[in-house]
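Residue numbers (my numbering), protein chains in the order written: chain A, 23 to 278; chain B, 23 to 278.
Treat the hints with care, since some could be wrong.
Calculated cross-link-like contacts (lysine-lysine; reagent style DSSO-like; alpha-carbon spacing at most 30 Å) [to be verified]:
hint : chain 1 : residue 1 : chain 2 : residue 2
1    : A       : 92        : B       : 261
2    : B       : 237       : B       : 202
3    : B       : 138       : A       : 202
4    : A       : 202       : B       : 261
5    : A       : 92        : A       : 137
6    : B       : 102       : A       : 202
7    : A       : 92        : B       : 102
8    : B       : 187       : B       : 261
9    : A       : 137       : B       : 202
10   : A       : 261       : A       : 242
11   : B       : 92        : A       : 102
12   : A       : 263       : A       : 134
13   : A       : 138       : B       : 202
14   : B       : 102       : A       : 102
FYI, nobody ran anything at the bench for these hints, they're computed from the structure.
Keep in mind the model is a prediction, meaning the values are calculated, not measured.
Protein chains: 2
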Amino acid sequence: MCELLGMSANVPTDIRFSFTGLMQRGGRTGPHRDGWGIGFYEGRGCRLFHDPNASAESHVARLVQSYEIKSKIIISHIRKANRGRVCLENTHPFVRELWGYSWTFVHNGQLKGVKKLPLSFYRPIGTTDSEHAFCWMLDQIRERFGNVPRRAGALWDFIYQLASKLRERGSFNFLLSDSKHLYAHCSTNLSFITRRAPFGRARLIDAEVVIDFEKETTPKDIVTVIASRPLTHDEEWIKMKRGAFDVFIDGISMGE
Amino acid sequence: MCELLGMSANVPTDIRFSFTGLMQRGGRTGPHRDGWGIGFYEGRGCRLFHDPNASAESHVARLVQSYEIKSKIIISHIRKANRGRVCLENTHPFVRELWGYSWTFVHNGQLKGVKKLPLSFYRPIGTTDSEHAFCWMLDQIRERFGNVPRRAGALWDFIYQLASKLRERGSFNFLLSDSKHLYAHCSTNLSFITRRAPFGRARLIDAEVVIDFEKETTPKDIVTVIASRPLTHDEEWIKMKRGAFDVFIDGISMGE
Chain A
23 MCELLGMSAN
33 VPTDIRFSFT
43 GLMQRGGRTG
53 PHRDGWGIGF
63 YEGRGCRLFH
73 DPNASAESHV
83 ARLVQSYEIK
93 SKIIISHIRK
103 ANRGRVCLEN
113 THPFVRELWG
123 YSWTFVHNGQ
133 LKGVKKLPLS
143 FYRPIGTTDS
153 EHAFCWMLDQ
163 IRERFGNVPR
173 RAGALWDFIY
183 QLASKLRERG
193 SFNFLLSDSK
203 HLYAHCSTNL
213 SFITRRAPFG
223 RARLIDAEVV
233 IDFEKETTPK
243 DIVTVIASRP
253 LTHDEEWIKM
263 KRGAFDVFID
273 GISMGE
Chain B
23 MCELLGMSAN
33 VPTDIRFSFT
43 GLMQRGGRTG
53 PHRDGWGIGF
63 YEGRGCRLFH
73 DPNASAESHV
83 ARLVQSYEIK
93 SKIIISHIRK
103 ANRGRVCLEN
113 THPFVRELWG
123 YSWTFVHNGQ
133 LKGVKKLPLS
143 FYRPIGTTDS
153 EHAFCWMLDQ
163 IRERFGNVPR
173 RAGALWDFIY
183 QLASKLRERG
193 SFNFLLSDSK
203 HLYAHCSTNL
213 SFITRRAPFG
223 RARLIDAEVV
233 IDFEKETTPK
243 DIVTVIASRP
253 LTHDEEWIKM
263 KRGAFDVFID
273 GISMGE
């Protein structure tokens, strides 16, 4: 299994606090030793870092932790391999271009027989079930809509339908982004918290780190963090229901 | 204009020496201040670093310089923007998946009216002529060959044809890779050097750095470095002719 981390915010925001917590689970407080990756959107561009090494010991992870990259959408993953060997091309986030946008995807779970689903346009570079599922979803979206649909809700509904189909094959917790929206689907484990004024303090579960968000934010900031399991004490995370699907824009949940 | 750097080797090789030279041209010894990027292939995966900041002052560039990433194929670019604003999505290398391989592309030059060329499958995420040209080339390859052609030469010839067509629109120096081959096309400026035993010493033109390749290599190593302009004194770089096209595998030129 794996752990996911995502962020959606209305202003470019630093993820290092949450990332520090997650990285510990990659070999120190958790068993997810088989690589990690993170994507930071900047406008339509996406800055990706991948490493097939354990995050708790990763040189690149320390670089990311030491470097303030602010972003409105962030997507991250630490891996405990079950299908597909440990190598760079099997490391999430996976990325593909659709309609001139950079789509990224991270997945936690297993999907029985997903590789039997036929693909047309997109093909996996690695050998994971996850990348196959991602390619299949994008293929379906591409086939259903010739271009970015005028009504965003039509796309959201369709992604939810695809997620529901794949969920029948096992567990399918995922985060997906097209640089504007952050899509979250809970099959077994996914929780989120939306932070806004008045901001308080929080303490990481996985490391001895405390943050005072009051000092790091302005009163207008809205920041949602989504993770497989809550990352902090002292805060009330909302556990998503099984089968729940949500879309976040600028830190705000669009509702199921 | 911009500067390109590529490497093809028969063993995973450290590019830091050449990269250190190139980075100086991004704001110190050269005017290429508008971002830089580098891609390191590892198997079928590709590790990409992009930064819209000047490479000579880039935090990420220093990270890459300090970190020994060994690869058999590397592709890099420093940018002096002429078309398309300075931002992450306009920063080379551009990347797309085709046939389950990660294709990357860096370009130096200007192509008149290239955005009028119609696209079908691939669309640019940013606004550069370069990314449009890359998408068009991949579209054409995809249309011409349903899958990886049995005879590699047929693909090479076709890429050369595409390059020749685009060259009519201006200057089109590029490096392209599919994780197995490194394709190089010279429209105005591109030089390369193939290093093999007996290895000697070399001195960077753009920084006070000397390397003794004898100490860094084994007698079986073959390493080709390609750059817009030679990066070292004390070595004989081969300047490619205008219109020349070459394919490198494991450090060895396949000839025009």
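Hint by hint, here is what the structure shows:
For the hint pairing residue 92(A) with residue 261(B), the CA-to-CA distance comes to about 42 Å; that exceeds 30 Å, so the pair is violated. At most 30 Å may separate the alpha-carbon atoms for a hinted pair to count; residue 237(B) and residue 202(B) meet this at roughly 27 Å. With a C-alpha separation of about 27 Å, the suggested pair residue 138(B) and residue 202(A) falls inside the 30 Å cut-off, and the hint holds. For the hint linking residue 202(A) to residue 261(B), the alpha-carbon distance of about 45 Å lies beyond 30 Å, and the restraint is violated.
About 36 Å separates the Cα atoms of residue 92(A) and residue 137(A), which puts this hinted pair outside 30 Å; it is violated. With a C-alpha separation of about 28 Å, the suggested pairing of residue 102(B) with residue 202(A) holds against the 30 Å cut-off. Restraint check for residue 92(A) and residue 102(B): the C-alpha separation of about 24 Å stays at or below 30 Å, so the hint holds. For the hint pairing residue 187(B) with residue 261(B), the CA-to-CA distance comes to about 22 Å; that is within 30 Å, so the pair holds.
Distance hint between residue 137(A) and residue 202(B) is fulfilled; the C-alpha atoms sit about 25 Å from each other, no more than 30 Å. For the hint linking residue 261(A) to residue 242(A), the alpha-carbon distance of about 25 Å falls within 30 Å, and the restraint holds. The suggested pairing of residue 92(B) with residue 102(A) holds, with an alpha-carbon distance near 24 Å, which does not exceed 30 Å. With a CA separation close to 22 Å, the supplied pair residue 263(A) and residue 134(A) stays within the 30 Å bound.
Pair hint residue 138(A) plus residue 202(B) holds up; C-alpha atoms about 27 Å apart against a cutoff of 30 Å. As the CA atoms of residue 102(B) and residue 102(A) are separated by approximately 41 Å, the hinted pair breaks the 30 Å bound.
This entry does not satisfy hints 1, 4, 5 and 14, going by the numbered hints stated previously.
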